[in-house]
Structures are given as structure tokens and as C-alpha cells.
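**Student:** Residue numbers (full-length UniProt numbering), protein chains in the order written: chain A, 1 to 398; chain B, 1 to 398.
Everything labelled a hint here was simulated from the structure, so no lab data went into it.
Here the structure is a predicted model, which means the values were calculated and not measured.
Among these hints, one or two may not hold up.
As the list claims (entries may be wrong) - In silico lysine-lysine, DSBU-like type, Cα no more than 30 angstroms apart, as pairs:
hint: 1; chain 1: B; residue 1: K45; chain 2: A; residue 2: K158
hint: 2; chain 1: A; residue 1: K45; chain 2: B; residue 2: K286
hint: 3; chain 1: B; residue 1: K337; chain 2: B; residue 2: K350
hint: 4; chain 1: A; residue 1: K84; chain 2: A; residue 2: K298
hint: 5; chain 1: B; residue 1: K168; chain 2: A; residue 2: K139
hint: 6; chain 1: A; residue 1: K2; chain 2: B; residue 2: K168
hint: 7; chain 1: A; residue 1: K2; chain 2: B; residue 2: K337
hint: 8; chain 1: B; residue 1: K45; chain 2: A; residue 2: K2
hint: 9; chain 1: B; residue 1: K45; chain 2: B; residue 2: K2
hint: 10; chain 1: A; residue 1: K56; chain 2: B; residue 2: K160
hint: 11; chain 1: A; residue 1: K168; chain 2: B; residue 2: K2
hint: 12; chain 1: B; residue 1: K56; chain 2: A; residue 2: K292
hint: 13; chain 1: B; residue 1: K2; chain 2: A; residue 2: K161
hint: 14; chain 1: A; residue 1: K57; chain 2: B; residue 2: K158
hint: 15; chain 1: A; residue 1: K292; chain 2: B; residue 2: K168
hint: 16; chain 1: B; residue 1: K350; chain 2: A; residue 2: K2
hint: 17; chain 1: A; residue 1: K57; chain 2: B; residue 2: K160
hint: 18; chain 1: B; residue 1: K45; chain 2: A; residue 2: K45
hint: 19; chain 1: B; residue 1: K56; chain 2: A; residue 2: K303
hint: 20; chain 1: B; residue 1: K168; chain 2: B; residue 2: K303
hint: 21; chain 1: B; residue 1: K56; chain 2: A; residue 2: K57
hint: 22; chain 1: A; residue 1: K56; chain 2: B; residue 2: K56
hint: 23; chain 1: B; residue 1: K2; chain 2: A; residue 2: K160
hint: 24; chain 1: B; residue 1: K84; chain 2: A; residue 2: K298
hint: 25; chain 1: B; residue 1: K2; chain 2: A; residue 2: K151
hint: 26; chain 1: A; residue 1: K56; chain 2: B; residue 2: K298
hint: 27; chain 1: B; residue 1: K2; chain 2: A; residue 2: K192
hint: 28; chain 1: A; residue 1: K84; chain 2: A; residue 2: K350
hint: 29; chain 1: A; residue 1: K84; chain 2: A; residue 2: K45
hint: 30; chain 1: B; residue 1: K303; chain 2: A; residue 2: K45
hint: 31; chain 1: A; residue 1: K2; chain 2: B; residue 2: K161
hint: 32; chain 1: B; residue 1: K192; chain 2: A; residue 2: K2
hint: 33; chain 1: B; residue 1: K298; chain 2: B; residue 2: K45
hint: 34; chain 1: A; residue 1: K2; chain 2: B; residue 2: K158
As the list claims (entries may be wrong) - Facing chain B, a subset of chain A residues (Cβ under 8 angstroms, in silico):
hint: 35; residue: Y3
hint: 36; residue: D60
hint: 37; residue: Y65
hint: 38; residue: G229
hint: 39; residue: D232
Don't be surprised by glycine CBs; every beta carbon is placed ideally from N, CA and C.
Protein chains: 2
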Amino acid sequence: MKYNFSDVVNRMKPSEIRELNKMASSPGIISLGGGMPSPETFPIKELTEIMEFVMKKNSDLALQYGNTLGINPVREQISKMLEKTEGIKCNMENIIVNSGSQQGLYELGTVLANPGDTVITEEPTYVGAVSAFSANGLKMEGIPVDHNGMKVELLEEKIKKLILEGRKPRFIYVIPTFQNPTGYTMPVERRKVLIEISKKYDVPLVEDNPYGQLRYYGEPVPCIRSMTGGEDVIYLGTFSKVMTPGLRLGYTIAPEPVMEKFNLIKQALDLATNSFSQYVAYEYIKRGIIYKQVELNKQIYRKKRDAIVNALKANMSDISTFSEPDGGMFVWVTVDKNVDTKQMIPLAIKNGVAYVSGQAFTTNGTQKSSMRLNFTFGSVEQLEEGIKRIRKTINESA
Amino acid sequence: MKYNFSDVVNRMKPSEIRELNKMASSPGIISLGGGMPSPETFPIKELTEIMEFVMKKNSDLALQYGNTLGINPVREQISKMLEKTEGIKCNMENIIVNSGSQQGLYELGTVLANPGDTVITEEPTYVGAVSAFSANGLKMEGIPVDHNGMKVELLEEKIKKLILEGRKPRFIYVIPTFQNPTGYTMPVERRKVLIEISKKYDVPLVEDNPYGQLRYYGEPVPCIRSMTGGEDVIYLGTFSKVMTPGLRLGYTIAPEPVMEKFNLIKQALDLATNSFSQYVAYEYIKRGIIYKQVELNKQIYRKKRDAIVNALKANMSDISTFSEPDGGMFVWVTVDKNVDTKQMIPLAIKNGVAYVSGQAFTTNGTQKSSMRLNFTFGSVEQLEEGIKRIRKTINESA
Numbered sequence: 001m002k003y004n005f006s007d008v009v010n011r012m013k014p015s016e017i018r019e020l021n022k023m024a025s026s027p028g029i030i031s032l033g034g035g036m037p038s039p040e041t042f043p044i045k046e047l048t049e050i051m052e053f054v055m056k057k058n059s060d061l062a063l064q065y066g067n068t069l070g071i072n073p074v075r076e077q078i079s080k081m082l083e084k085t086e087g088i089k090c091n092m093e094n095i096i097v098n099s100g101s102q103q104g105l106y107e108l109g110t111v112l113a114n115p116g117d118t119v120i121t122e123e124p125t126y127v128g129a130v131s132a133f134s135a136n137g138l139k140m141e142g143i144p145v146d147h148n149g150m151k152v153e154l155l156e157e158k159i160k161k162l163i164l165e166g167r168k169p170r171f172i173y174v175i176p177t178f179q180n181p182t183g184y185t186m187p188v189e190r191r192k193v194l195i196e197i198s199k200k201y202d203v204p205l206v207e208d209n210p211y212g213q214l215r216y217y218g219e220p221v222p223c224i225r226s227m228t229g230g231e232d233v234i235y236l237g238t239f240s241k242v243m244t245p246g247l248r249l250g251y252t253i254a255p256e257p258v259m260e261k262f263n264l265i266k267q268a269l270d271l272a273t274n275s276f277s278q279y280v281a282y283e284y285i286k287r288g289i290i291y292k293q294v295e296l297n298k299q300i301y302r303k304k305r306d307a308i309v310n311a312l313k314a315n316m317s318d319i320s321t322f323s324e325p326d327g328g329m330f331v332w333v334t335v336d337k338n339v340d341t342k343q344m345i346p347l348a349i350k351n352g353v354a355y356v357s358g359q360a361f362t363t364n365g366t367q368k369s370s371m372r373l374n375f376t377f378g379s380v381e382q383l384e385e386g387i388k389r390i391r392k393t394i395n396e397s398a
Numbered sequence: 001m002k003y004n005f006s007d008v009v010n011r012m013k014p015s016e017i018r019e020l021n022k023m024a025s026s027p028g029i030i031s032l033g034g035g036m037p038s039p040e041t042f043p044i045k046e047l048t049e050i051m052e053f054v055m056k057k058n059s060d061l062a063l064q065y066g067n068t069l070g071i072n073p074v075r076e077q078i079s080k081m082l083e084k085t086e087g088i089k090c091n092m093e094n095i096i097v098n099s100g101s102q103q104g105l106y107e108l109g110t111v112l113a114n115p116g117d118t119v120i121t122e123e124p125t126y127v128g129a130v131s132a133f134s135a136n137g138l139k140m141e142g143i144p145v146d147h148n149g150m151k152v153e154l155l156e157e158k159i160k161k162l163i164l165e166g167r168k169p170r171f172i173y174v175i176p177t178f179q180n181p182t183g184y185t186m187p188v189e190r191r192k193v194l195i196e197i198s199k200k201y202d203v204p205l206v207e208d209n210p211y212g213q214l215r216y217y218g219e220p221v222p223c224i225r226s227m228t229g230g231e232d233v234i235y236l237g238t239f240s241k242v243m244t245p246g247l248r249l250g251y252t253i254a255p256e257p258v259m260e261k262f263n264l265i266k267q268a269l270d271l272a273t274n275s276f277s278q279y280v281a282y283e284y285i286k287r288g289i290i291y292k293q294v295e296l297n298k299q300i301y302r303k304k305r306d307a308i309v310n311a312l313k314a315n316m317s318d319i320s321t322f323s324e325p326d327g328g329m330f331v332w333v334t335v336d337k338n339v340d341t342k343q344m345i346p347l348a349i350k351n352g353v354a355y356v357s358g359q360a361f362t363t364n365g366t367q368k369s370s371m372r373l374n375f376t377f378g379s380v381e382q383l384e385e386g387i388k389r390i391r392k393t394i395n396e397s398a
């Protein structure tokens with residue numbers, strides 16, 4: 001039998017994260033690669049109680065097919081939670097519950113753009129967005145990021161240029177808070193400019209905010225969706241970082257006409273999101289456990305963030321620059337020397353450490369001397385040892 | 001803000017099932033519309049015990065991100081289960097665990113075909129396949145179904161014609177056992193012909209088998225994947241009908257090169273399937289509960305199947321023909337009179353009964369005088385009363 005594969009999947013590159021996770025799961029390897037939360041943060045006792053309660057009270061609904069856009073009481077709880085935590089005002093009718101926010105990204109690429117269309121991302125940007133948009137056959141134009149997130153002064157020029165070329169972008173995708181992979185946060189002034197540009201050129205703005213609640217230092221910056229003029233922003237959120245990732249729950253907030261299109265594509269993708277996970281999340285929010293849990297997570301992750309930043313200061317200051325993020329899950333390291341972090345991976349694995357090379361977060365092969373380091377999964381000791389092993393690897397490869 | 005939607009979603013029609021479910025959820029309506037299993041069949045006690053066990057023993061893994069293709073011990077259990085129940089021999093490396101088999105259908109449409117390509121389905125066929133393939137921009141060519149499933153003698157002619165037109169089909173999609181929507185089963189002779197034609201013209205064969213285990217009468221017919229020459233058949237299965245649908249678990253078996261492509265698209269779609277659901281399924285199979293549960297389900301559904309068939313005989317024999325399926329979840333009714341079952345829906349709802357009109361299962365607007373009736377969800381009394389209400393509706397609309 002001959003299988004002829006579609007052009008779309010032939011265009012996609014195998015994810016480096018997948019390969020890395022495989023390598024990184026070997027015994028003895030310290031993985032700074034994946035984007036996994038620490039199992040220490042899983043609220044096992046509370047979830048066990050909730051699961052028992054759900055099975056006792058709502059098993060007929062929690063084990064049955066649910067509505068395509070999500071179970072209504074869950075959508076209502078999400079709407080209340082977002083008002084409390086992010087100052088977002090939205091009706092439950094504007095929320096779709098997804099199988100993780102990765103699915104939200106895929107849906108967006110299907111609903112707002114056709115294969116061959118152009119979208120704007122940050123440069124570098126989240127590897128899962130690259131994967132979702134590539135699968136939809138989209139071209140990505142990256143706007144470089146500095147310590148204050150996307151350089152919005154370059155955005156307007158890029159949009160003008162693309163319009164002149166007949167390639168008006170279909171949307172702008174940003175992770176403004178504790179960006180993945182860099183960890184940088186965009187100040188409120190740039191967020192205002194983003195809203196203005198989006199309105200001026202009629203290009204929808206998509207805000208991905210998986211880490212917003214994980215702030216370890218400094219004052220919160222309002223999310224764009226909550227700001228004046230941000231009502232039309234499409235907003236992606238997730239339970240993976242404030243509950244657990246294994247229950248695969250994310251959500252997208254969008255204006256009415258977009259919701260109708262989400263409904264259609266979600267029906268085709270998987271009919272509906274896991275009902276049981278949704279009922280668990282319902283209780284998790286309603287009982288207020290989520291708010292206590294986030295505080296615990298922050299205590300755990302603050303120490304780890306300090307550990308990796310201090311280890312970088314002690315071991316890497318002389319040969320690299322790195323972000324010192326106020327929150328989130330990642331540090332972005334750019335090595336001064338002419339090191340290719342992708343080529344260096346086999347040596348790193350040999351030395352017992354894994355990371356994701358900068359190239360994975362671009363579509364144009366740049367960011368060769370950078371790497372993304374995760375600090376939420378490993379222990380403080382592993383983070384410290386991992387940085388030493390990275391330094392050793394750089395020394396050996398130079 | 002102006003949202004420009006993609007051509008793909010504009011090409012998709014809102015699902016009639018979704019609308020119907022909405023209407024059918026009004027109080028007093030007897031729904032023969034959806035494809036839902038009965039909550040009576042949910043193994044609540046066993047699942048509650050399993051969930052507690054999983055949270056105690058494996059919460060660190062069950063709440064964490066899993067591998068993209070599925071958690072290995074679960075894939076291994078599925079492989080063992082399929083050998084036992086369907087006589088299918090496959091390695092766990094050839095299994096991907098999906099968020100329901102709907103996701104398997106969507107993946108297929110992405111991996112094996114490009115937008116604009118043609119695929120072959122049964123006529124009528126499963127509404128979710130129409131939805132998934134439409135979302136991928138595929139053209140569907142339907143081969144009519146009779147009491148013995150797809151008329152395979154028409155298949156070869158169709159393939160030859162399509163090849164001449166430069167539209168060689170990318171795959172053939174069939175539900176050979178207790179077909180959705182008709183309930184018909186394809187005998188082994190036709191299955192052999194399907195394998196031959198697939199090989200002769202190098203067109204991959206896709207076998208969807210959600211209902212295979214739900215046989216109430218007669219001797220099992222082997223699934224195509226288990227037959228001589230069927231090793232390359234792509235096979236879709238689900239836990240929705242033998243465990244519960246709310247946990248959203250399905251799986252696809254495919255040859256090695258297809259698995260690589262599945263891995264890529266699954267990564268883009270939602271990273272991985274719900275880990276918790278997978279660990280629950282692992283215990284559910286390993287403890288052998290699935291086999292006992294299927295026997296219980298069959299007892300419950302056999303009575304319901306008899307109830308709806310008898311009610312049809314008593315109330316509808318004079319004006320319609322209908323299938324008398326040996327298993328599955330659906331009866332297909334074709335009204336003799338020149339009735340348009342889609343136009344009749346509002347009157348049916350007014351009379352307190354819901355069904356899915358035949359048109360939903362085609363892409364060419366045929367099957368206008370047919371309807372699909374589900375018999376697994378309602379009680380025996382509801383099924384009997386529902387058929388009376390349908391007869392009343394036909395009388396009033398004639």
C-alpha cells in the first residue's frame with residue numbers, strides 16, 4: 001500500500017521538543033527542555049476529593065458527551081475567575097473550552113486564515129504556535145522581541161509592507177506576559193500601541209496568557225483583553241499551569257462571530273472537550289482552590305526561578321546574556337560566542353542536560369546561539385547542576 | 001474590528017446534530033437524535049474506584065503532559081484488547097490515542113489528503129466524518145449502501161472514473177459493522193472485495209469500527225483490519241461506547257509511515273490526549289472490567305433495539321422501510337411518501353420528538369425522505385412513545 005501524504009504535513013518539521021523529551025527522559029538527564037509544571041504543584045488531595053464528588057453527584061453528565069463550546073456552568077465559572085484574577089469582563093457565551101490551549105491555537109489558524117496566508121508573531125515565539133500555524137499552512141512574520149516584549153515600533157512598518165505586498169496579515173499573535181520562550185513582559189504602554197495598531201489596520205489581536213498568574217516579583221501588568229479598547233482581543237488561557245496539564249483544559253475568549261466559527265471547527269476536531277475534566281475544573285474554581293493553589297505554586301516556583309538565575313549569574317555571566325523573568329516558566333539564554341545550540345544538543349545530552357535550542361522558536365532559522373531553559377520542572381539542586389553541565393558543554397564545544 | 005474568516009470554515013455547514021441537540025434538550029422532547037450511550041451503561045462504581053487508585057498510585061504521571069502518540073502502557077493494553085475482541089494483531093507502536101475517534105477522523109483528513117482532494121465514503125455516512133473531511137476542504141464521493149453495506153461493485157467503477165478525471169481518491173472510508181447511520185453490516189465477501197480494490201488501485205482503506213462490540217444478534221463478522229490482506233488498513237476505535245464518551249478516548253491503528261505523520265499533526269492539534277483518561281482506560285482494560293461491561297451494555301441495548309424495531313413494525317410498516325440492525329445504536333427509516341424529513345423537524349419538535357434527518361449524512365442533498373433514529377439513549381417507554389410521535393408528525397405533514 002502506498003500512502004500519499006498531504007503537502008501540509010510534509011511541510012511541517014518534526015517538533016524538536018518531542019525529540020528532546022524523548023532524549024531527556026533517559027535516566028540521569030536533567031531536563032530543562034520541556035515546559036512542564038512540577039508534580040509538587042499538583043493539588044492531589046483536593047483533586048481526589050473533587051473527583052469523588054463529581055462521580056457521586058454528576059457522573060451522568062461528567063461521563064457523557066458535552067456541548068461543543070463547553071459545559072455551561074464551567075464557562076460561567078471561568079468567566080467569574082477571569083474577572084477576579086485578570087480583570088477581564090466577558091460573558092460565558094464568549095468562552096469556548098478546549099482540549100488545552102494548544103487546541104485553541106490550532107482552531108485560530110483554521111478559522112481566521114487560509115493556507116498561504118500570513119500572520120504576525122513575536123520573534124522568537126512559542127514552539128506550539130509555530131506548530132499549529134504551520135499545520136494550517138500559514139506563513140509567519142516575526143517581529144523581534146526585546147526586554148519589553150514585541151518591538152511594536154517595527155510592527156506598524158511590517159503591516160504596511162505586507163499590505164503593499166498584498167499579504168495583509170490575518171492576525172497578530174503575542175504572549176505579552178512572561179513570554180515563551182524569553183520570559184520578558186510587555187509594559188502597558190506597548191500594549192496600548194498594540195491595541196491601536198490592531199484597530200487602525202483592522203488586524204485581529206490574539207493574546208496568549210498561560211503564565212499571567214505565575215508572577216514571583218513586581219506589580220502585575222493588566223492583560224490586553226482587560227484594557228480599554230481590548231474588548232475585541234481574542235484571549236487564550238489554560239488550566240495547565242494553575243491546575244494540571246494532564247486534564248487537558250484550556251479556553252479561548254472571542255467576540256460572537258468568531259465563536260460561531262469555533263463551534264464549527266471544534267465539532268470537526270473532537271466534538272467536545274472532556275466533560276469529566278470540565279466538571280473537575282468547575283469544582284476547583286467554585287471551591288476557590290485555584291486561588292490558594294496559585295499562591296503555593298508561586299512560592300515553589302519563586303525559589304526555582306531564583307536558583308536558576310543565580311546559577312546563571314555564577315556560571316554563565318562571562319559568556320552569555322539571559323533574561324531574569326519576574327514570572328512564568330522560562331529563562332532565555334543567548335551565548336556570546338558563536339555557538340550553535342542546536343548542534344550542541346548531542347553533547348549536552350552526553351553531559352546529562354537537556355534544553356530547547358533557540359531555532360525551535362522561529363521559522364527562519366535565527367536564534368542559533370540562544371536556548372530556552374525551563375525552571376519549573378527540576379528541583380533546585382537539578383537546576384544548579386544543570387546550569388553547570390550547560391557551561392561544561394559550551395566549554396567543550398567552543 | 002473586522003474578522004475575516006477562512007474559506008474552510010465558510011465552506012462548512014453548521015452541524016444539524018448540534019442544532020438538534022439544542023432543540024432536543026428542551027423538556028418533554030424525546031430525543032432519538034444524538035448518538036449518545038445511555039447513562040445506565042456507565043460503570044460508575046468501577047470508574048470511581050479506578051480514579052481513586054490512579055490518583056493514589058500514578059497522579060504524578062496521570063496529571064502531567066503525556067507522550068504525543070499516547071501513554072505507552074495504555075497503547076499496550078489497547079493492543080492486547082484488540083487481539084482478544086477483534087482478532088487484530090498490531091504493535092503498540094502502531095497505535096495513536098486520540099481525544100475521541102472524531103479526532104482520528106480529522107487527523108486522517110489532514111494527513112492523507114490536501115484541500116480539494118477527493119475521498120470515497122459510504123452514502124449515507126457518519127455526520128462527524130462529513131464534518132471532519134469538510135473542515136479539511138475535501139470532496140466526498142459517496143458509494144450507495146444497501147442491506148449489505150457499501151455496494152462494492154460500484155466502488156471500482158467510481159475509482160476508475162475518478163482516476164480518468166485526474167481525481168484519484170486519497171482514501172476509502174467505511175463503517176462496515178452496524179453502519180452509522182443505517183445500522184447495516186457488510187458481509188465478509190464484500191470486505192474481501194474492498195481489500196482487493198484498495199490494493200489494486202493503491203487507495204488506502206480506512207475502517208471505522210465504533211460499534212463492533214455491540215452485537216445483539218447473530219454471528220460476528222471479522223473486522224477488515226483482522227482479515228488476510230487487511231494489515232495495512234487504517235482502523236479507528238473508541239472507548240465512547242464501551243466505557244464512557246465524556247472521557248474522550250479513541251484510537252487509530254496505522255502502518256509506521258502514517259504514525260509519523262499522525263505524531264506531527266497531533267502535536268499541533270492538542271499536544272497529547274488527556275493523561276488521566278488514559279490511565280483510567282489502562283486500569284479499565286487491565287482489570288478486565290471492559291469485557292464484563294460490554295456484556296451488560298448488550299443486555300440493556302438488546303431490549304431497546306427490540307423496542308424500537310417493534311414500535312416501527314407496529315406504527316410505521318405501512319408507510320416506510322427500516323433497518324433491523326443486529327447491533328450498534330441506530331435504525332435508518334425511509335418514509336415511502338414524498339416526505340422531506342428535514343422540513344418536518346420543527347413539527348416533530350412541536351410533537352415532542354427529535355431525530356436526525358437523512359440529509360445530514362450526505363454531501364449531496366439526497367436521503368431527503370430518510371431519518372436516523374438512535375435507540376441507546378432513551379428508555380423503552382420513550383422509544384415506543386417517540387415512534388408514535390414520529391408517525392403522528394408524518395400524518396400531519398402529509
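**Student:** Each hint should be assessed against the structure and marked as holding or not.
**Tutor:** Comparing the hints with the structure gives:
1. K45/B <-> K158/A: violated, 59 angstroms
2. K45/A <-> K286/B: Holds, because 25 angstroms separates the two Cα atoms, which is no more than 30 angstroms.
3. K337/B <-> K350/B: Roughly 21 angstroms separates the two Cα atoms, so the pair holds.
4. K84/A <-> K298/A: With a Cα-Cα distance of about 18 angstroms, the restraint between K84/A and K298/A holds, given a limit of 30 angstroms.
5. K168/B <-> K139/A: holds, 29 angstroms
6. K2/A <-> K168/B: holds, 13 angstroms
7. K2/A <-> K337/B: Violated, at about 46 angstroms.
8. K45/B <-> K2/A: violated, 46 angstroms
9. K45/B <-> K2/B: violated, 51 angstroms
10. K56/A <-> K160/B: The given pair, whose Cα atoms are some 57 angstroms apart, is violated under the 30 angstroms limit.
11. K168/A <-> K2/B: Holds. K168/A to K2/B sits at ~13 angstroms (cutoff 30 angstroms).
12. K56/B <-> K292/A: holds, 22 angstroms
13. K2/B <-> K161/A: holds, 20 angstroms
14. K57/A <-> K158/B: Violated, because 53 angstroms separates the two Cα atoms, which is more than 30 angstroms.
15. K292/A <-> K168/B: violated, 58 angstroms
16. K350/B <-> K2/A: Violated - the C-alpha atoms of K2/A and K350/B are around 52 angstroms apart, more than 30 angstroms.
17. K57/A <-> K160/B: violated, 57 angstroms
18. K45/B <-> K45/A: Within the cut-off at roughly 20 angstroms; holds.
19. K56/B <-> K303/A: holds, 27 angstroms
20. K168/B <-> K303/B: Violated - the C-alpha atoms of K303/B and K168/B are around 44 angstroms apart, more than 30 angstroms.
21. K56/B <-> K57/A: Status holds; Cα separation ~21 angstroms.
22. K56/A <-> K56/B: holds, 18 angstroms
23. K2/B <-> K160/A: holds, 17 angstroms
24. K84/B <-> K298/A: With Cα atoms ~48 angstroms apart, K84/B and K298/A exceed 30 angstroms; violated.
25. K2/B <-> K151/A: This hinted pair holds, its Cα atoms lying about 24 angstroms apart.
26. K56/A <-> K298/B: holds, 25 angstroms
27. K2/B <-> K192/A: holds, 19 angstroms
28. K84/A <-> K350/A: Cα-Cα ~47 angstroms, so violated.
29. K84/A <-> K45/A: holds, 25 angstroms
30. K303/B <-> K45/A: violated, 42 angstroms
31. K2/A <-> K161/B: Distance ~20 angstroms between K2/A and K161/B Cα, so the pair holds.
32. K192/B <-> K2/A: Holds - the C-alpha atoms of K2/A and K192/B are around 19 angstroms apart, at most 30 angstroms.
33. K298/B <-> K45/B: Cα-Cα ~19 angstroms, so holds.
34. K2/A <-> K158/B: holds, 19 angstroms
35. Y3: For Y3/A, the interface hint holds, since the closest Cβ of chain B sits about 6 angstroms away, which is under 8 angstroms.
36. D60: With a minimum Cβ separation of about 4 angstroms from chain B (threshold 8 angstroms), the hint on D60/A holds.
37. Y65: Because about 5 angstroms separates Y65/A from the closest Cβ in chain B, which is inside the 8 angstroms limit, the hint holds.
38. G229: Result: violated, 10 angstroms to nearest chain B Cβ.
39. D232: holds, 4 angstroms
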